[in-house]
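Visitor: Chain by chain, the residues run as shown.
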Amino acid sequence: MLVEKTVFRATMSDARLFRNLIGAISSLIEEADFNATPEGIKLRSMDPSHIAMVDFEWPKAAFDTYECTTPTRLRLSVSNLLKLLKRTHSDESIEIFYDEANKKLNITLRNKIVRKFITPTLEPSTEEVPTPKVPFSARVKLAAASLRDIIDDAQAISDNVRLEVSPDKFLIKASGEMSSVAIEMDKGSDAILEIDLRPETDPKTGQPAATTTPARATYNLNYLGEIIRAGSGASEVTSLEFSTNMPIKVEFEMPQQGRLLYYLAPRIESE
Amino acid sequence: MQSRLYRAPSGESRREAGCQVCHGNRLVCIQNPSLCPVYQRAKGLVEIERAVNKTVFNGPSPPGVFLGSADYPFLRAGPPVPILPSIDGIGDAAILDDPSRWLDTSIDDLVTYRFSLVRGKTRVKVADARNPDRTLSLVQELALARTPTETELHLTKKPQARIYILPRSAPHGPSGSIEKMMLTENTHVPRPVEKVTSDRDIGTQEGIFSLYERGVSQQQITRVFSVGQLGVFKNRRLVPTEWSITAVDDILGKSILDRVRDFPQLGDFRVYGAEALGNNVQVLLLPTAWMYEALEGWLTASTPQVYSDHEFHIGRRDYPSNIAGAYHAVKLPILEFLEREHRQAGAIAFLEVDRDWVPLGVWRFRELARRALSGQPIVSSSLEASLSEVGQRLSIPLRSWIVSSKLVNHYKRQLPLDQFTMSRKGA
Chain A
21 MLVEKTVFRA TMSDARLFRN LIGAISSLIE EADFNATPEG IKLRSMDPSH IAMVDFEWPK
81 AAFDTYECTT PTRLRLSVSN LLKLLKRTHS DESIEIFYDE ANKKLNITLR NKIVRKFITP
141 TLEPSTEEVP TPKVPFSARV KLAAASLRDI IDDAQAISDN VRLEVSPDKF LIKASGEMSS
201 VAIEMDKGSD AILEIDLRPE TDPKTGQPAA TTTPARATYN LNYLGEIIRA GSGASEVTSL
261 EFSTNMPIKV EFEMPQQGRL LYYLAPRIES E
Chain B
433 MQSRLYRAPS GESRREAGCQ VCHGNRLVCI QNPSLCPVYQ RAKGLVEIER AVNKTVFNGP
493 SPPGVFLGSA DYPFLRAGPP VPILPSIDGI GDAAILDDPS RWLDTSIDDL VTYRFSLVRG
553 KTRVKVADAR NPDRTLSLVQ ELALARTPTE TELHLTKKPQ ARIYILPRSA PHGPSGSIEK
613 MMLTENTHVP RPVEKVTSDR DIGTQEGIFS LYERGVSQQQ ITRVFSVGQL GVFKNRRLVP
673 TEWSITAVDD ILGKSILDRV RDFPQLGDFR VYGAEALGNN VQVLLLPTAW MYEALEGWLT
733 ASTPQVYSDH EFHIGRRDYP SNIAGAYHAV KLPILEFLER EHRQAGAIAF LEVDRDWVPL
793 GVWRFRELAR RALSGQPIVS SSLEASLSEV GQRLSIPLRS WIVSSKLVNH YKRQLPLDQF
853 TMSRKGA
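Chains A and B supply the protein sequences, listed in that same order.
Just add 20 to the spot in the first sequence (first one is 1) and you have the working numbering.
Just add 432 to the spot in the second sequence (first one is 1) and you have the working numbering.
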């Protein structure tokens with residue numbers, strides 16, 4: 021009998037964690053390429069409206085077992101994959117196996133019973149997704165759940181949110197047609213783990229400015245809300261990085277060098 | 433099915449089912465029909481008092497069904513039957529309850545159509561869909577038919593000459609409680625309807641879409657859904673007509689959107705428009721990924737105000753409570769158009785209602801959007817040019833629409849992420 025070489029096979033003891041990660045990606049992306057290499061899997065994809073981007077990495081060490089003999093690009097419908105993963109129960113383990121001959125992904129959920137789902141893969145794209153190259157001047161690290169509450173408050177009032185970081189304060193403002201909200205968090209607040217502000221970088225020369233000024237930028241709350249909701253389901257700590265009128269990078273802390281981060285482009289408000 | 437999601441919010445009821453007299457408070461018109469302008473208009477057109485001076489009505493039911501939601505989870509369900517032996521110029525009773533054929537009819541004719549039907553009512557509970565009594569099972573049978581069915585309706589007493597105005601469905605004329613009803617001929621049930629309704633395991637959304645794909649009219653799908661004949665059997669329930677209209681628009685829209693999201697983006701700005709019956713619908717398509725906004729302006733108000741609801745590419749989680757029924761009724765024909773064209777686009781719908789409109793239902797937005805999108809567009813290469821084209825076609829000043837529009841603002845102010853990326857080759 022001909023024994024086929026395994027191109028890609030990985031297992032995780034907690035299927036729910038994997039489901040949450042895929043859920044976090046699916047909030048922005050419908051279809052994406054998963055790049056499997058001997059080191060782990062990576063996904064980087066721009067949302068179809070080119071406003072936001074997700075960057076996901078799950079290294080070999082974050083899986084319980086991991087085997088990848090040849091780098092492989094698997095294009096999957098993320099929403100379809102999530103539909104299957106929503107079937108997971110607690111205490112279930114998951115095995116993901118790529119059946120190269122049939123171009124199908126096999127997902128096996130194991131507890132008392134063994135359930136095997138098979139889903140097709142799509143034609144991978146040849147496009148390389150570039151990373152935003154942005155010098156960030158402000159960085160705020162905080163509890164993901166607190167950030168989620170704040171964003172929910174703002175979303176109840178407006179479609180956009182203005183973020184402002186000064187050396188000792190993180191300020192969030194949203195104003196709608198009728199009402200407005202301002203949330204202020206001092207450096208000493210329990211929800212804040214870290215605030216850091218450096219001088220802005222001149223985009224032309226690449227040189228830092230002589231003085232430090234507060235970083236201020238406005239973002240679409242619909243997109244930011246989806247990002248925060250998605251990430252806070254998979255992680256407890258978030259860090260936000262941005263500079264005045266530049267994209268924001270939202271990163272969720274992951275175990276074992278796992279990576280889940282998003283970029284969101286700013287809105288330009290008339291002054 | 434969380435049908436309750438589709439209930440009409442108060443703003444929608446006030447605008448869609450209101451006039452200068454009642455402002456959407458239906459009790460005002462029900463208790464004082466002599467004040468209701470629509471009733472007065474109807475009375476001038478149909479010899480109503482003489483026509484309803486009896487308890488037994490015979491005639492072809494269009495077919496139709498109406499389920500009122502006033503004391504939900506109890507419903508008043510029943511079929512409409514013509515009150516006049518023949519209505520001049522109408523050879524086909526089906527037109528009396530088929531909005532897809534109404535756009536080229538005058539408002540007077542539409543009021544006449546609606547007022548020429550008497551509606552039988554029987555009090556039922558939502559769960560009765562699975563276990564109907566004799567009358568409800570006849571109502572269900574009628575709702576499945578494609579063509580008019582001869583029906584005999586015995587009411588407990590002579591119906592009162594009234595008109596019921598509703599936010600989404602067309603208004604209803606006289607009605608009365610059913611003593612008994614009979615179908616005096618066999619119903620003609622199309623094969624797909626028979627097949628899908630007798631399948632007790634297929635989900636509601638899947639059932640709705642499967643009927644749509646087999647060419648069953650939206651009007652009939654809504655009817656079948658409303659009488660609780662779709663979905664997994666143990667979950668089947670009756671759905672008030674008002675809610676089912678919007679539910680079907682929304683469910684069909686969602687299924688089509690899944691496919692539209694895969695299509696390439698439109699290459700230019702386009703304006704499509706159509707006007708009829710005192711309503712003006714302009715659709716502006718933008719060369720972007722799918723996003724959608726409905727803007728609604730009422731010239732009937734003393735100071736016309738523009739209402740808005742929108743969704744970005746990632747969709748919306750909550751109910752579009754400003755525009756509600758019209759939001760989904762216009763979104764569906766736009767998605768149908770994009771699917772035909774194999775394109776995705778941003779879409780902003782401008783819905784303007786003139787003073788001479790009387791509340792006849794949300795269908796006119798859906799049908800006008802369909803007609804608009806089957807015509808020739810004005811194509812341009814900038815948002816400003818298209819907006820000014822739209823502005824020329826509407827009565828409410830363009831700036832009022834723009835101030836209320838979230839997507840125009842988004843288009844102008846949101847930067848793309850590409851502006852901040854450098855390809856790795858260049859780095």
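It should be emphasised that the hints constitute simulated quantities derived from the structure, not laboratory data.
Backbone N, C-alpha and C define an ideal beta-carbon position, used for all residues, glycine too.
Check before you lean on any hint, since a few could be wrong.
Claimed, not checked - Just a sample of chain B residues kept apart from chain A, beta carbon distances all over 12 Å, derived: (1) E573; (2) H742; (3) R787; (4) K838.
What the hints assert, rightly or not - Below, a list of computed lysine to aspartate or glutamate pairs in the EDC-like style, where the Cα atoms sit at most 20 Å apart: (5) K62/A <-> E143/A; (6) K103/A <-> D694/B; (7) K686/B <-> E197/A; (8) K224/A <-> E816/B; (9) K161/A <-> D188/A; (10) K589/B <-> E611/B; (11) K844/B <-> E289/A; (12) K838/B <-> E184/A; (13) K838/B <-> E816/B; (14) K269/A <-> D850/B; (15) K103/A <-> D84/A; (16) K838/B <-> E143/A; (17) K838/B <-> D53/A; (18) K269/A <-> E184/A; (19) K844/B <-> E143/A; (20) K62/A <-> E51/A; (21) K153/A <-> E611/B; (22) K80/A <-> E50/A; (23) K123/A <-> D53/A; (24) K686/B <-> E50/A; (25) K269/A <-> E214/A; (26) K844/B <-> D179/A; (27) K103/A <-> D850/B; (28) K103/A <-> D530/B.
Visitor: Next, verify each hint and record whether it holds.
Guide: Against the structure, the hints:
no.	hint	in the structure
1	E573	36 Å, holds
2	H742	9 Å, violated
3	R787	26 Å, holds
4	K838	6 Å, violated
5	K62/A <-> E143/A	17 Å, holds
6	K103/A <-> D694/B	18 Å, holds
7	K686/B <-> E197/A	29 Å, violated
8	K224/A <-> E816/B	31 Å, violated
9	K161/A <-> D188/A	13 Å, holds
10	K589/B <-> E611/B	9 Å, holds
11	K844/B <-> E289/A	10 Å, holds
12	K838/B <-> E184/A	23 Å, violated
13	K838/B <-> E816/B	15 Å, holds
14	K269/A <-> D850/B	14 Å, holds
15	K103/A <-> D84/A	23 Å, violated
16	K838/B <-> E143/A	36 Å, violated
17	K838/B <-> D53/A	32 Å, violated
18	K269/A <-> E184/A	14 Å, holds
19	K844/B <-> E143/A	34 Å, violated
20	K62/A <-> E51/A	14 Å, holds
21	K153/A <-> E611/B	76 Å, violated
22	K80/A <-> E50/A	25 Å, violated
23	K123/A <-> D53/A	14 Å, holds
24	K686/B <-> E50/A	14 Å, holds
25	K269/A <-> E214/A	16 Å, holds
26	K844/B <-> D179/A	15 Å, holds
27	K103/A <-> D850/B	30 Å, violated
28	K103/A <-> D530/B	38 Å, violated
The structure shown violates the earlier hints numbered 2, 4, 7, 8, 12, 15, 16, 17, 19, 21, 22, 27 and 28.
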